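Listed in order, the protein sequences are those of chains A and B.
Quick note on this note's numbering: the first sequence kicks off at 5 and runs consecutively.
Quick note on this note's numbering: the second sequence kicks off at -17 and runs consecutively.
You may find that some hints are simply not true.
Said to hold, decoys possible - Here are the simulated distance ranges between beta carbons: (1) G111(B) with N28(A): 50 to 58 Å; (2) L34(A) with L87(B): 52 to 60 Å; (3) D52(A) with H118(B): 57 to 65 Å.
It should be emphasised that the hints constitute simulated quantities derived from the structure, not laboratory data.
Since the model is a prediction, treat every value here as computed from it, not as a measurement.
Every residue, glycine too, gets a C-beta built ideally from N, C-alpha and C.
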Amino acid sequence: MSAVIHPVLTVPALPARPPAPAINWRGAVLPLALLFAWWAVTALGWVDTRLIVPPANVLHTAVKTLQDPVFLQGVLFSLGRDLSGFAAGSAAGLALGLAMGTSRWADRALGPSFHTLRQVSLFAWLPLLSSWLGYGELSKLVFIALSTLYPVALGTFEGVRGVSRAHAEVARVYRFTRLQMLWRLILPAAAPQIATGLTLGLIYAWVATIGSEFLLANWGNGLGNVVIKARASFNVELIVFGMLAIGLVGTALNRIAIRIEARVLHWRAPSPSAF
Amino acid sequence: MAHAGTLDIRSLHKHYTVSGKTLPVLDNISLTIRPGEFVSIVGASGCGKSTLLRLIIGLEAEYQGEILLDGRRIAGTSLDRGIVFQEHRLFPWLNVEQNVSLGLLNADLPEHEKRSTVREHIALVGLKGFENAYPHQLSGGMSQRVAIARALVNRPEVLLLDEPFGALDTLTRSHLQQELQRIWQAEGITAILVTHDVEEAVVLGDRVVVMQPRPGRIRRVIDVPLPRPRDRASQAFAALKDEVLAEFDPAPR
């Protein structure tokens, strides 16, 4: 018997992926205006140029600093610290979120403590961490991991809780084992929220990396330390350049995370925009 | 071709307990379905027809009486019984081929045979060429075709259909009804269709079981001795349809 496809049910082509958005030039207007204002107030001498340094000086410092291997080493050091802490924190967050999401017992046992501890500002952990672990690498890593853990655990928990009953019934009909339930239903179904948690975790981790270098400063390596040292020597140009570098690295990390998320979650329908 | 199963339901009772009170859902259902038969079950909402299907597939437990497939009592879900739900329930992160393969995930078949069986069933429901499409790229009718392929890929003895075309537009629905009849004949399996659409029940069923609500019980079983494919415009069809509809008249209860 031949399979008859009725014309109504045949679709000529699958909808193509939306094209990559063009660069949004309008977004550049505000920074350019601020840059101009910055240049104008310094050039016209309306401000104390020792505190508000002229943009040209910052550019000069930037060119000089970028040639300095110590600076680039610092960036790499911070990135390494960031990613190690992020890896540890997201692994722990995934495990915690999965446990609370899949087991009622774990949710009852861990949930209240988790949601209470979440209310403690992350920076409030620093005095305790430095008392226990000092100002070295370990306390910085723990702080970064802790910062990553909350959003990842929360995203995972909510994703797992959101697995639909309808899909779970399909899994029962096809007699999924517990492992198949986890790998073929729960994790893929929760993937969008897990991805959101991870992306947020990556942002928190970078904030925590720089924060730990400021607040657990030990004159070691890292981008945060570059800025701290600049502050000590009253090098405002370097402070400003350091801040810009921190922002750029953070933006780059976020861009990469969003790219990976879009690739992994390619099966999602393009979300209909309200405007 | 699959082995078609005999389904034997004997004095089946089912109730829910809602805040301490016993709420009967199914009352003394007895029905024997022959191998290869197509039985339609119609009834107003609340007559327990979907619950009956959920008991047969094994998603609901706890009942009095017996549900026997080829003489064996049903306990839990099994790859012997396939189901198509009202919503397609495809996994959105899997493409058509992967969704259909889910049916064979725990089947005892070598990998290459699984692949060829999946391919055959995608062709059977008329979706050749759409193997790599994701659910969000498919229309409602196409998604339901994938769900039918997923339910059949195990070559179950019984195919259960829980208002499978209820959410589709009229045109797509009548095409899929024809398609379902073709697939049922090609596979030669036992099929039970739950629907609230009397025409659909008469078009597809060898017998139409009319259920009535509160509590759900069988009101009447009507034979449909019309040749297939059925001509909806014929007088005999209209007469049978009227006979079924007459059972829905608000008789005093």
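Each hint, compared with the structure:
no.	hint	verdict
1	G111(B) with N28(A): 50 to 58 Å	violated (38 Å)
2	L34(A) with L87(B): 52 to 60 Å	holds (53 Å)
3	D52(A) with H118(B): 57 to 65 Å	holds (58 Å)
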